[in-house]
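Q: Protein chains in written order, with the working numbering: chain A, 1 to 115; chain B, 1 to 110.
Since the hints were derived computationally from the structure, they do not count as laboratory data.
Hints may be right or wrong, so weigh each one.
List of simulated lysine-lysine pairs, DSS-like, C-alpha gap at most 27 Å [said to hold, decoys possible]:
#	chain 1	residue 1	chain 2	residue 2
1	B	K68	B	K56
2	B	K5	A	K57
3	B	K56	A	K9
4	B	K71	B	K56
Stretch-level coverage of chain B by chain A, calculated; a stretch enters the list once three of its residues show a Cβ under 8 Å from a Cβ in chain A [said to hold, decoys possible]:
#	region
5	11 to 23
6	75 to 89
7	99 to 107
Note that the structure is a prediction, hence the values are computed from the model and not measured.
Here a beta-carbon is modelled for each residue, glycine too, at the ideal position from N, C-alpha and C.
Here is how the chains run, residue by residue.
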Amino acid sequence: NAGVTQTPKFQVLKTGQSMTLQCAQDMNHNSMYWYRQDPGMGLRLIYYSASEGTTDKGEVPNGYNVSRLNKREFSLRLESAAPSQTSVYFCASSEALRGGNTEAFFGQGTRLTVV
Amino acid sequence: DQQVKQNSPSLSVQEGRISILNCDYTNSMFDYFLWYKKYPAEGPTFLISISSIKDKNEDGRFTVFLNKSAKHLSLHIVPSQPGDSAVYFCAGNSNYQLIWGAGTKLIIKP
């Protein structure tokens, strides 16, 4: 009953280092998302993938890249980490990107600190 | 420009009483509003939603009210239970993207 699994759970990076956050879902969902949450703010969408083979920018895409490797996996890459990317990152999935009340299922989050 | 605002960072309510969490929005194009609940060190989980053409949706102890003219919605939890202590997020859906409020931390006192 895994749902959405993110790795790693915690990470500390030095400025300029790169890393990839991994996300996998086992619910056969078509759509996947990456969000970041900063203190005192709501979640903000970084990138999303409506279906396998497609990706689109969300509200805050700068400094990030994504790959929808297959239907199950959606990774987020930081090519050159900056302190402003210190945040908690959430991956989510939903059955389809068909609109309003589609329930999204979230992973446990990755707490990233860039020093 | 915050399109979704939850002006109360925290709320403390006695167990068994009603909890009312509020949310204001500015974007008239939202077609759905959703409430998510989040425990520490976990991801948010979906709680309840409401279409912009409705004014009320109920699911067990949870009821969401929408006042479109005031651009305001509220989540009522009756009766409040200790397990309801969490952060509650309000989100509006526009063009397949969810715009989230900053959250309200609900504390249920015994």
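Q: It remains to establish, for every hint, whether it holds in the given structure.
A: Checked hints:
Under the criterion of a C-alpha separation no larger than 27 Å, the hint pairing K68 (chain B) with K56 (chain B) is consistent with the structure, at around 11 Å. A hinted pair counts as satisfied when its Cα atoms are at most 27 Å apart, and K5 (chain B) with K57 (chain A) qualifies at roughly 23 Å. At most 27 Å may separate the alpha-carbon atoms for a hinted pair to count; K56 (chain B) and K9 (chain A) exceed this at roughly 38 Å. Taking the CA atoms of K71 (chain B) and K56 (chain B), the gap is near 14 Å; set against the 27 Å cutoff, the hint holds.
Proximity of the region 11 to 23 of chain B to chain A, defined as three or more residues with a beta carbon under 8 Å from a beta carbon of that chain, is not established by the 0 residues found. Coverage of the region 75 to 89 of chain B by chain A is violated. Counting CB-CB distances below 8 Å, 1 residues qualify, and the rule asks for three or more. Counting residues of the region 99 to 107 of chain B whose C-beta sits closer than 8 Å to any C-beta of chain A gives 5, which meets the bar of three, so the coverage hint holds.
Of the numbered hints given earlier, the model fails hints 3, 5, 6; all others are met.
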